[in-house]
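The listed protein sequences correspond, in order, to chains A and B. Residue 371 in our numbering sits at position 371 of the first sequence, and the numbers go up by one each step. Residue 140 in our numbering sits at position 140 of the second sequence, and the numbers go up by one each step.
Honestly, the hints are just simulated from the structure, not real lab data. From the three backbone atoms N, C-alpha and C, an ideal C-beta is built for every residue, glycine too. Be aware that a few hints might be false.
Unchecked claim - Partial chain B-side listing against chain A, Cβ under 7 Å, derived:
#1 PRO38
#2 GLY40
#3 ALA81
#4 VAL91
#5 ALA105
#6 ALA108
#7 ARG209
#8 ASP212
#9 ALA249
Spelled out from the first residue to the last, the chains are:
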Amino acid sequence: MTALDKIEVKEGVDQDTVDAVTALSGNYKYGWETEIEMDYAPKGVNPDIVRLISSKNEEPAWMTEWRLQALTRWEQMTEPTWAMVSYPKIDFQDIYYYARPKSMAVKPKSLDDVDPKLLATYAKLGIPLKEQAILAGVEGAEDMPAEGRKVAVDAVFDSVSVGTTFQAELKKAGVIFCSISEAIREHPELVKKYLGSVVPQSDNYYATLNSAVFSDGSFVYIPPGVRCPMELSTYFRINAENTGQFERTLIIADKGSYVSYLEGCTAPKRDVAQLHAAVVEIIIEEDAEVKYSTVQNWYPGDENGKGGIYNFVTKRADCRGDRAKVMWTQVETGSAVTWKYPSCILRGDDSQGEFYSIAIANNMQQADTGTKMVHLGKNTKSRIVSKGISAGKAQNTYRGLVSMHPRAKNSRNYTQCDSLLIGDQCGAHTVPYIEVKNNSSRVEHEATTSKVDDDQLFYCRSRGMDEEEAVALVVNGFCKEVLQALPMEFAMEAQALVAISLEGSVG
Amino acid sequence: MLEINNLHAELESDAEVTILKGLTLSIKPGEVHAIMGPNGSGKSTLSYVLSGKDGYSVTAGSAMLEGVDLLEMEPEERAAAGLFLAFQYPVEIPGVGNMTFLRTAVNAQRKARGEEELSAGDFLKEVRATAKDLQIDADMLKRPVNVGFSGGEKKRNEILQMAMLEPKMCILDETDSGLDVDAMKLVADGVNALRSENRSFLVITHYQRLLDHIKPDFVHILADGKIIKSGGPELALQVENNGYADLLAGAA
Ligand SMILES: Nc1ncnc2c1ncn2[C@@H]1O[C@H](COP(=O)(O)OP(=O)(O)OP(=O)(O)O)[C@@H](O)[C@H]1O
Ligand SMILES: [Mg+2]
């Protein structure tokens, strides 16, 4: 095969992006809602609500206690204000904490029993809930190794998991992939051991609230030495109005195992902002590796800043064993306000953490995002590549911490942080915190800020691309290193998203 | 094909600076015209104004492509209408593969003209064949657009784009400068292969050399924003031998 044959696949992907971009009009593609009968718990949060959520999920008493403890803690905390974002005060008692489609009251035994309206919702989002081998539209996917072809999906609709695909096949490999509520019932020993062990119950305001009221989310356990035979993914969909989504994800990669996991998120267009406060905990044992990719496309609000999701998320990976590896890749294009710092605790010697991020803020969006790399073990390595794009009147902040502890001898960090501005009413900010407490470690930090170059745009346009297509192409080029870090199936989706989220940013 | 009449253009940022001062030029289908002229006389500006670059205001005159007013159109509309400019200084676009760029451009134009997009397979076949003729290897097709390309590679890449886009009116702005003898031959062969009775060329150059390979029908001398003399290929030879002094003196 010549080199050219290889790029054919890549080119196919790129082309699909362009097709998607040109085919899609209107700004937010996922803004429709599903009309479906829902059961709500009363608005507000208090011990009764927490008990109700716990009983709806048929949880054991220890879990209910754990939640109540978190609630007590949360009631004594105050909302943090240090992030570079501003939004009207949230009335935490004016939110529904639990919403479940009526048809889910009796748990469906398999996907065949799930309400067709719910299945249609995911079909419309382009998410495969049929156990089909290949994601539609990915050219060249049939030539890829088996692992790249199948994607198992856990679909979470408002507060509950609708279903998880490929469970039987995964079980054969010893992999547990199910909703967290199911894991609490079926695998209490694992949940008890690991839940809250990376993000402690009272870690921060939103994580503590999540600990009290989380309704569902995904659970993954990869046994020692197992390479997960397919990509795992969770799609979160907020549908109900005035409802917060609080999902909880727990991923455990036992010794010498490997898994690649992806989450996607969408929500309908609404005038009133909605709260999303998730917690993701990842435990990586000796010689294990986890790749976690996010394509976050919650509704961003309209061009005047009305509505949208407030996205306050705590994500943390703990490289507990020696030579453990974690890679976070995120494409953050949605949400009105984003507050998110996927972090790596590099506890094991020779462990590695990587963080690749694209954060796009257009119109009135505000993003304050970055990572924390905490080097505790010897010879630990971390790499941060952040691409921030601001357009319209948006504000985009990279906030990162690199911390080398005294025991973390001979450790290294490399940070590259690039900002791109489109127009002159937006802002980009870089806030790096660096602490080095030993003298054999090295920290490198590079940062650039640039504007979309008019000569590049004119060059593209003189070849026939319209202005938006030209901007999308140039921005996708700017983000290349991060897009390349995504699994191929999702690189395409992400490229299209980059283009869509910048619509209206020029001209 | 291209009718330029009494074109006046100044800098948008500084109305004191008028660059084109009444330029008139008529190019018929199938013809090759060459423009020569001293540095700073307005050759590149003419190509930019025709292709719609920001920063210049047209204060008088007109430019029509096949009877359609070019100056009213967006740059991408001019491209879809069949205008192509091979840049004097091709622009680098980091992170964007050369192939991706080409395919996006080809399909954008086809779409604008209401044509079917080129399938991945057909596109690839075509681009490989064209690239081979221009001795552009697979690696250059994969690399980001013009990034790290040598001067000569950038120019050949412009011709590759031109061949793929199949424009009607091709403007080449000093495509020959920076080319070694062999590359010049490749570029000229590329251009000659595209010559046809319904495609026209405007070749901006400082040297007779290129015109040995691409035989022009007409040669024009541009000085201080105006065409001061037009003639046949012999005019280029005269410039090569005597420079512009006589011509400029004659025009004054
Ligand atoms: N954007 C600009 N800002 C300032 N001056 C400009 C600009 N564009 C063109 N000019 C001036 O207009 C004149 C014509 O420039 P142009 O690039 O068209 O010349 P040219 O004939 O192509 O020269 P060369 O043979 O050196 O390529 C020059 O004096 C140049 O400095
Ligand atoms: Mg010039």
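Exercise. Which numbered conditions among the earlier hints are violated in the structure presented, ordered from lowest to highest?
Worked result: Of the numbered hints given earlier, those the structure breaks are 1, 2, 3, 7, 8 and 9, listed in rising order.
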